[in-house]
Amino acid sequence: MAADLDRHTVRVVLPYHLYTLARCSTTEVELDLTGPVTLAAVLDALEAAYPMLAGAVRDRVTGQRRPLVRFYACQDDLSNIAPDALLPYEVAAGREPLVVVGAIAGG
Amino acid sequence: MPRIRVLVGTRKGAFILTSDAARNDWQVSGPHFGGWEIFHIAGSPANPDRLYASQTSSWFGQVIQRSDDGGATWNPVGNDFAYVGDPGTHLYYDGTAKPWAFKRVWHLEPSPTDPDTVYAGVEDAALFRSTDGGLTWQELPALREQQGAKWMPGAGGMCLHTILLDPVNPARMYVAISAAGAFRSDDGGASWKPVNRGLHSQYIPDPQAEVGHCVHRIAMHPARPETLFMQKHWDVMRSDDAGDSWFEISGNLPSDFGFAMAVHAHEPDTVYVVPILSDSEHYPPEGKLRVYRSKAGGNAWEALTDGLPQQHCYVNVLRDAMAVDSLDPCGVYFGTTGGQVYVSPDAGDHWQAIVRDLPAVLSVSVQTLP
Chain S
436 MAADLDRHTV RVVLPYHLYT LARCSTTEVE LDLTGPVTLA AVLDALEAAY
486 PMLAGAVRDR VTGQRRPLVR FYACQDDLSN IAPDALLPYE VAAGREPLVV
536 VGAIAGG
Chain D
4 MPRIRVLVGT RKGAFILTSD AARNDWQVSG PHFGGWEIFH IAGSPANPDR
54 LYASQTSSWF GQVIQRSDDG GATWNPVGND FAYVGDPGTH LYYDGTAKPW
104 AFKRVWHLEP SPTDPDTVYA GVEDAALFRS TDGGLTWQEL PALREQQGAK
154 WMPGAGGMCL HTILLDPVNP ARMYVAISAA GAFRSDDGGA SWKPVNRGLH
204 SQYIPDPQAE VGHCVHRIAM HPARPETLFM QKHWDVMRSD DAGDSWFEIS
254 GNLPSDFGFA MAVHAHEPDT VYVVPILSDS EHYPPEGKLR VYRSKAGGNA
304 WEALTDGLPQ QHCYVNVLRD AMAVDSLDPC GVYFGTTGGQ VYVSPDAGDH
354 WQAIVRDLPA VLSVSVQTLP
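Just so you know, the protein sequences line up as chains S and D, in that order. Residues 436 to 542, numbered by my numbering, are exactly what the first sequence covers, in order. Residues 4 to 373, numbered by my numbering, are exactly what the second sequence covers, in order.
By construction, these hints were calculated from the structure, which means they are not laboratory data. Even glycine gets a Cβ: it sits at the ideal position worked out from N, Cα and C. One thing to keep in mind: the hints can contain errors.
Quick list of simulated restraints, FRET-style, between CB atoms [to be verified]:
(1) D:51 <-> S:451: 30 to 36 angstroms
(2) S:483 <-> D:104: 56 to 62 angstroms
(3) D:116 <-> S:510: 55 to 61 angstroms
(4) S:451 <-> D:191: 52 to 58 angstroms
Just a few of them, taken from the derived set where beta-carbon distance is under 7 angstroms, the chain S residues facing chain D [to be verified]:
(5) 487
(6) 490
(7) 497
(8) 500
(9) 503
(10) 528
(11) 537
Could you build the full structure based on these sequences and the hints that come with them?
Written as structure tokens, this is what we have:
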């Protein structure tokens, strides 16, 4: 039973350019992952499911969030949380999505 | 009956323009990858249906797309451009040392013989090669050993924008970097040397400086690969010894500043440039969009204007936005930052716009299909 408790289905909302790059028909994808639901774990699962997104959300070398990408969940800006910080329980439970947003910039 | 396929990269997507050999009636496909910057698209000479595209975004980084059906469908391939070892630092605009960091692919150069082999010129400047159709990329790091710590970005970034593969000697290749200069390898990229002797740049105090020159473009005719033509930041240059020495051929050009350059497909001494007013005013002199052609390998230039706007024109023609086909008569093509793509089906004598309202054109390459 303990192993089951470690399994999560997390919802991630992608911006237009990323869900079209990933060949998804909708803006929201579901990802299965095991273990603590951290930002890094969700992004690992996202890139494993959609390898073409590797490097598109976070830098391949440093692992840092790309400067014009932001993360939100449960009405909070999570863009600057540590990669190994736990995401809100509502995200881990699949009740709220992690929202990936392309920052507003330019004209 | 041969056909022409023009591959156009723009600020907001890729467009593919096709025509029969008459080059009068064009079909336009696109935008592909709408909303993304497409720095360059190139077709494999060994398999014209194999295309590679550099798709990039300040938001979402670099994607390399590959098509195996002439651009009808595309698939993302590898985008892991990892420098070999610790790339160290290069000079920044303010003179400080800045760590090398990959930003985007400026130019893709497919092998003339192997559809799965393609070179990529990237920012921050380095040369990569894939031998598996773009799935994986390996840097040729010896290039950065050529005083890379002294390289400095041009205004557009520290980009490796030109890759020339010698069609006669497969071990020889050239690259050009803004603002580091031109470099040659005679051993397939295992080692390099700067080939900038004879270049003079007013912003470099040392007249013998081996690196630091802002080369905008180099062009070559495949039948005479030891002769190179260069559009530099200022000055149009020529080398007849594979870049070992350069001499100026600006001659009677109204401005020797510019970006784009091409060589006629069948006449090794016929060269095309598009003069731009100055480094501070990136538009044509007098508001007249003129291609200049020299049939003498430089110095004596004639303005080609028929069909091009001769008043109130303030577009730019970027370094990768001019190309030729291999029909006879040779077709010449260029795209502008105003979104026009022009063709001359008669080697520059007459021009017409294929399209007028694309996003700003970053690159134009041409395939002559059997």
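Structure-based check of each hint:
Our hint of 30 to 36 angstroms for residue 51 (chain D) and residue 451 (chain S) holds, since their Cβ atoms are close to 32 angstroms apart. Take residue 483 (chain S) and residue 104 (chain D): their Cβ atoms lie about 25 angstroms apart, and the range 56 to 62 angstroms is violated. For the hinted restraint 55 to 61 angstroms between residue 116 (chain D) and residue 510 (chain S), the CB-CB distance of approximately 57 angstroms keeps it satisfied. Separation of residue 451 (chain S) from residue 191 (chain D) is about 42 angstroms and departs from the stated range, judged on CB atoms against 52 to 58 angstroms.
The restraint placing residue 487 (chain S) at the interface with chain D holds, with a minimum CB-CB distance near 4 angstroms, inside the 7 angstroms limit. Here the hint on residue 490 (chain S) is kept, as its CB sits about 5 angstroms from the closest CB of chain D, short of 7 angstroms. With its C-beta approaching chain D no nearer than about 9 angstroms, residue 497 (chain S) sits outside the 7 angstroms limit, and its interface hint is violated. For residue 500 (chain S), the suggested interface contact is broken, since its CB lies about 11 angstroms from the closest CB of chain D, more than 7 angstroms.
A least Cβ separation of about 4 angstroms between residue 503 (chain S) and chain D falls short of the 7 angstroms threshold, and the interface hint therefore holds. Annotation: residue 528 (chain S) was flagged as interfacial toward chain D, and the flag is violated, the nearest CB pair being 28 angstroms apart, outside 7 angstroms. Given hint, residue 537 (chain S) at the interface with chain D, holds; its Cβ is 5 angstroms from that chain's nearest Cβ, closer than 7 angstroms.
Violated hints, listed in ascending order, are 2, 4, 7, 8, 10; each of the other numbered hints is respected by the structure.
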